[in-house]
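Student: Sequence:
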Amino acid sequence: MRNDDRLGVGTDNSVELRLPLVIGAIVLIFGIFVLRLFQLQILQGEEMKGIAHGNAVRLVRLEAPRGDILDREGRVLATTRPAFGVTVMPSELARPDRTLAALGMLIDQSSAELSQRIGSPQGRRRFQPVRLVGDLSYDHLARVESHLYELPGVHTDVRPRRHYVEGELAAHLLGQIGEVRKDQLQKRQYADYRAGEVVGQSGLEKVLERNLRGRAGGRNVVVDVAGRVVDVIGEIDPEPGAPVTLTIDLDLQRVAEAGFQPDVLGGRAKMGAAVALDPRNGDVLVLVSKPAFDPNSFPGGIDAETWKALTTDEWRPLQNRALSGQYPPGSTYKVILAAAGLQKGIVDPNQKVFCPGHFRLGRRVYRCWRRGGHGEVDLRDALKRSCDVYFYKLGLALGIDEIAKFSRGFHLGRRLGIP
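Using my numbering, read the sequence shown as starting at 1432 and increasing by one per residue.
Heads up, some of the hints might be wrong.
[As the list claims (entries may be wrong)] Below 25 Å or equal to it, Euclidean Cα-Cα: the simulated DSS-like pairs (lysine-lysine) are:
#, residue 1, residue 2
1, LYS1783, LYS1824
2, LYS1701, LYS1775
3, LYS1637, LYS1739
4, LYS1783, LYS1815
5, LYS1739, LYS1783
6, LYS1815, LYS1765
7, LYS1739, LYS1701
8, LYS1836, LYS1765
9, LYS1836, LYS1775
10, LYS1637, LYS1618
11, LYS1775, LYS1815
12, LYS1775, LYS1765
Worth flagging that the hints you see were computed from the coordinates, not collected in a lab.
Generate the whole structure from the sequences, applying the supplied hints.
Tutor: Here it is in structure tokens:
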């Protein structure tokens, strides 16, 4: 019994001796933790906050330049130039109203309009940059750059921008580009596009989109509190689009478009279309549609005023009259009727047909362009003198089905593939 008592008493004394040591160690460790926390949050709080907010890693998308469009001699019709812009990171806008007001004064734009462009992004969208201005002048760029430290969340960047060297020249043929639309993103052919990317919306820019479009790159950068890049961690260079050479002759295109200039200085350009082909191979040397538009208005987003002017103009400058306009073929169609008549054996080249200057079909009278008529003409004379009556009679002999058949043989009514 004595041994058990001794063992019990000895055990209690050992615990009593160790307990203060354990409690003391816990208090010491907790005290060190509290002191360190006090140092980081109170004594060095501003410094640590500056480090935390000052440097951040950001993935910057590097857009690829579109391929150049060249005329048959290699002269540039459409190319890419650098465009400086302003973007904001919504999550970094501590005081949006004050920041946007200051930014608006620097770039001569209203803060309300800038705020509208940002909207009210929620969730992950707050961490996605929003581009407010796409093409700053050098003066505006210098103003913003010199005030970036006063504009938290505001950054400047440079992106490729489409530039049409000749302005309105061949505007309908070249077409225009714009941001990919929501309805386009839902289509399979735009599966590898993302919102905000530019895409050909009409003309050759659309038809040759796969050729002209490059492959975007990316850059991981470390930025400070002012949005300035302080380090580059890694980078993948963008791949430019492929250049495309057209059959268009720039000199001939200029001459053809000059023919549509207004007769009076300051007047409206003449309305119409002109197409010139190389008879040896069918190359399109000239394609003009007037009135036209300046495709340089579209990259970066066309402003509301310009868009309204284009869409409400009664002369419809956006319409490609050379491709979508519907016009009587005129005397050029007589060649097709002649070929059809010869191949079907309906016409003898030497057979004479009398042209009195008119042709009666039922109750209607169709006039020849020469009121007095051409008299007796054979096929050669009819083509040389463009006798309407001769081809009225030939067309009637052929019938509508044969005329349609031979027209398709000459590729009439076929789509050209230029929207």
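Student: So, for every hint listed, does it hold in this structure?
Tutor: Structure-based check of each hint:
The straight-line distance between the Cα atoms of LYS1783 and LYS1824 is roughly 12 Å, inside the 25 Å bound, and the hint therefore holds. Our distance criterion of 25 Å between C-alpha atoms is broken by LYS1701 and LYS1775, whose separation comes to about 42 Å. For a cut-off of 25 Å, the pair hint linking LYS1637 to LYS1739 stands: about 23 Å separates their Cα positions. Distance restraint check for LYS1783 and LYS1815: the Cα-Cα separation of roughly 14 Å lies within the 25 Å cut-off, and the hinted pair is therefore satisfied.
Using a Cα cut-off of 25 Å, the hinted pair LYS1739 and LYS1783 is violated, with the two alpha carbons roughly 58 Å apart. At most 25 Å may separate the alpha-carbon atoms for a hinted pair to count; LYS1815 and LYS1765 meet this at roughly 11 Å. Simply put, LYS1739 and LYS1701 have alpha-carbon atoms about 21 Å apart, close enough for the 25 Å limit, and the pair holds. Between LYS1836 and LYS1765, the direct Cα distance comes to roughly 15 Å. Compliance with the 25 Å bound is thereby established for this hinted pair.
Only pairs whose Cα atoms come within 25 Å are accepted, and LYS1836 paired with LYS1775 is accepted, the gap being roughly 12 Å. Taking the CA atoms of LYS1637 and LYS1618, the gap is near 15 Å; set against the 25 Å cutoff, the hint holds. For the hint pairing LYS1775 with LYS1815, the CA-to-CA distance comes to about 21 Å; that is within 25 Å, so the pair holds. A hinted pair counts as satisfied when its Cα atoms are at most 25 Å apart, and LYS1775 with LYS1765 qualifies at roughly 15 Å.
When the structure is compared with the earlier hints, violations turn up for hints 2 and 5 and for no others.
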